[in-house]
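A.B. asks: Those protein sequence lines, which keep their order, are chains A and B.
Numbered according to numbering that gives the first Met the number 0, the first sequence spans residues 0 to 666.
Numbered according to numbering that gives the first Met the number 0, the second sequence spans residues 0 to 185.
A hint or two may mislead.
What the hints assert, rightly or not - Computed list of chain A residues with no C-beta within reach of chain B, every gap over 10 Å:
no.: 1; residue: Ile7
no.: 2; residue: Glu492
no.: 3; residue: Asn518
Claimed, not checked - Here are some of the chain A residues that sit facing chain B, going by a computed Cβ distance under 8 Å:
no.: 4; residue: Asp10
no.: 5; residue: Pro16
no.: 6; residue: Ala20
no.: 7; residue: Leu25
no.: 8; residue: Ala30
no.: 9; residue: Thr591
no.: 10; residue: Arg641
no.: 11; residue: Arg649
What the hints assert, rightly or not - On the chain A side, residues computed to face chain B include the following (Cβ under 10 Å):
no.: 12; residue: Glu4
no.: 13; residue: Asp6
no.: 14; residue: Ala11
no.: 15; residue: Thr13
no.: 16; residue: Pro14
no.: 17; residue: Ala15
no.: 18; residue: Ala24
no.: 19; residue: Ala28
no.: 20; residue: Phe32
no.: 21; residue: Asp33
no.: 22; residue: Phe393
I should point out that these hints are in silico values taken from the structure, not numbers from a laboratory.
Glycine included, each C-beta is placed from N, C-alpha and C at the ideal position.
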Amino acid sequence: MTNDEFDILRDAKTPAPDGAAKARALATAMAAFDAAEKSAAAPQGSAAGLRLTDRTIRFWREMMQKKLVAMPALAGLVALPVAGYVGWQVMEEFRAARMYADALVETEAPERGRVEAPQAPTAPAMEESGSGAADTLAAQPAPAPQPDGPAVLLNRTTQPAARDLQGGGALAKRMAVPTARPGVAPEPSITREDRERFERFGTNPVRSALENPVSTFSIDVDTASYSFVRRSLKEGVLPERDSVRVEEMINYFPYDWPGPQSADAPFNTTVTVMPTPWNADTRLMHVAIKGYEVKPAEKPRSNLVFLIDTSGSMHSPDKLPLLKTSFRLLVDQLGAEDTVSIVSYAGSAGTVLEPTKVADKAKILAALDRLEAGGGTAGEAGIEEAYRLAGESFVEGGVNRILLATDGDFNVGQTDDEALKRLVEERRKGGVFLSVLGFGRGNLNDAMMQAIAQNGNGVAAYIDTLAEAEKVLVEEASSSLFTIASDVKVQVEFNPARVAEYRLIGYETRALAREDFNNDKVDAGDIGSGHTVTAIYEIVPADSPARMIDDLRYGEARESESVAKADEYAFVKLRYKAPGEAASRLIETPVTDGNAVPAFAGASEDARFSVAVAAFGQKLRGTDAVADYGYDGIMEIAAAARGADPFGYRAEFLSLVRLAAALEGGR
Amino acid sequence: MMAPMTEEEVCDAALARDAAGGDRAAFAALVERHYGFVFRLAWRLTGHRADAEDIAQEVCARLGRSIRTYRGGSAFTTWLYAIVVNAAHDCGRRAAREAANASAWGAQVLIEAAGEAGEDPAEALWAAVRELPAKQREAVTLVYGEGMNHAGAAELMGCSEATVSWHVHEAKKRLRRIAAVGEVRS
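Construct the complete structure from the given sequences, taking the supplied hints into account.
C.D. replies: Here's what the structure looks like:
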């Protein structure tokens, strides 16, 4: 190779990659990597894959139970960023899957044949490409035979569908569903109910009260689905139907159901029967459960200072972006009277946010969003500033704490570790504590972190992987999570004399077999202090013209049996175990005319709002029952039932309904 | 020709193998390590920072999705290179569509997007390189932009060394012709 006039090409400088762009790209890579892992595991129908998502959900659920995290317990503070990490992962996976679906649409058609790096099959790919997906599925090795239990049943249930796969996309889509939705019925119940779910995946069917008078489900819920939906709508896309789980949307919102008076009866159940807004011929049976609330006297006010390392080394996706998500979640957990301040340090330390009440949450979140990585680290100036702010808004007898988030490059500069430790120790005596949260790997000065956290009466938690997060969560945080009852199950028996048909709205992934209700070995969800759970049935009265199912010609009238309880709609049973007990206890509530309100407006504000959320969720899922009911109707109900809404959750819901209406109108 | 692997290649191979096996940390290290190469290549092929960043991000996403299918049959960089070129190609088609749309909005958009070439003769020459047919552009980018020899470029492009030499030769011929036209004009 000789030199020539083209050598000037060699001299042209390429610009250096931009750090932020690189961080974004790396985050995308990791999200795609994780998403691919999920889809690679899932088509095999292996229980292991399902459990993974289940575990994620369990974290999320435990973390989202707002009142469970007692603020004074510093372990709780550690647990929250962990939840942030989990949430971040869940959302990134979800987004990556959708981005991929979009990419497929884009690269379709004319250039099919061009060279492309081979790609692992993913769930969206199956949905896009119909019969091709069927081939992929057919090519998957069958699940390894196992001698007993769920795997065999699962295998058998998927067989008929597999035979039909030549038929094309619709079935392939159904098959793909379990990979796309992180929600699974408890394993022992993969029997009749679960096959039901595979065949008519998702939305619960209308059932005849005569033939199937009993409906059973686990109380276990999380709220992740609402975040998915919100994120999707805010990005201008109607959410994937399978990502919408109605019960999670309903339970996202705090409701003020009447609670029990003492811990002896851990819940109170409030049942309301009201007219259905979307169908004049049916009614809604609204079951609201509220757990005993451990008195908030133990929950003093908090004064938190986030001391955030924004040095250049914080670029990577598992550092600053993860940290922001974590703190955002933490802010969500705080009370309106608590204060938050933010100090960043990088090159020069600066106050990003003066002490601000959590009531002004938007301001706090905006300040968090503005944080950008860049520059060197000057830890000492930052910590001085943080202590100054903590002192400024000091709460006597409350929680005064600095949360130092760093990847460990804390002490570039003059001060040695000893001097820093002395500073922290000295301030601790003044009542301001310090916890250290380590992010990322490779750069972490663990010894120094431990040292300053211990001297500051705090914990040092090191958050780099999910496994480590779990460890921290289990070891540090379980003490502060306050479970008041475990394995909570709900069973509703309908009186066929009053109710012809019923349909449970949501809870598809939480269905239990009827006999599991009394089987204490069957696991179900736990309920924490102050936790509320809401379930809504749409019921068709016996004399209503809206009945979908004809009477059986040879069905026998059983009126004689139920005549004595003629005024009962249904009988609601709750089964739970007190913490540490093996045998369950039972709470029973009959639903009579006394529970009924003649007009929808007569129901409580919270009940009406939850109905609006239920309608919205079903609308997004494309449920037939609400097909003729418009978004404007949902908005009307929700707007009228907004109530005090101290954190703006309900206002946000309204804006989401508007967005969905606009997006659907544009389709 | 099978030259003994350099230390870097050995390390790449090991990382890629672990990542293909599902090792998250290995994958992160692999992407971190090659982001610069991906970005430079994308920048050379497009001449725009924003496009290059988009392409690099897209490449990262594709890597995440498909790393598990990497079987070590070819060097990791060869495999990666194919992904970058494809992503740049997709981006080019998108840009062409957008340019067509933009013409409806007037020339302003196009002027703004006219590039960061500036007055630098090397940049002007690179702009001309980007107008070359795809294979010639790739060959020049690897040989001049990445400073590779023809054999190395051939390995990445999946063709023989002679073919690379021919692409480079053709490219120079064209570039000289373009340059001559430019001089006549100015």
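A.B. asks: If a hint holds in the structure, say so; if it doesn't, say that too.
C.D. replies: Going through the hints against the structure:
| no. | hint | in the structure |
| --- | --- | --- |
| 1 | Ile7 | violated (5 Å) |
| 2 | Glu492 | holds (47 Å) |
| 3 | Asn518 | holds (37 Å) |
| 4 | Asp10 | holds (6 Å) |
| 5 | Pro16 | holds (4 Å) |
| 6 | Ala20 | holds (4 Å) |
| 7 | Leu25 | holds (6 Å) |
| 8 | Ala30 | holds (7 Å) |
| 9 | Thr591 | violated (56 Å) |
| 10 | Arg641 | violated (40 Å) |
| 11 | Arg649 | violated (36 Å) |
| 12 | Glu4 | holds (8 Å) |
| 13 | Asp6 | holds (8 Å) |
| 14 | Ala11 | holds (4 Å) |
| 15 | Thr13 | holds (5 Å) |
| 16 | Pro14 | holds (6 Å) |
| 17 | Ala15 | holds (8 Å) |
| 18 | Ala24 | holds (4 Å) |
| 19 | Ala28 | holds (4 Å) |
| 20 | Phe32 | holds (4 Å) |
| 21 | Asp33 | holds (8 Å) |
| 22 | Phe393 | violated (41 Å) |
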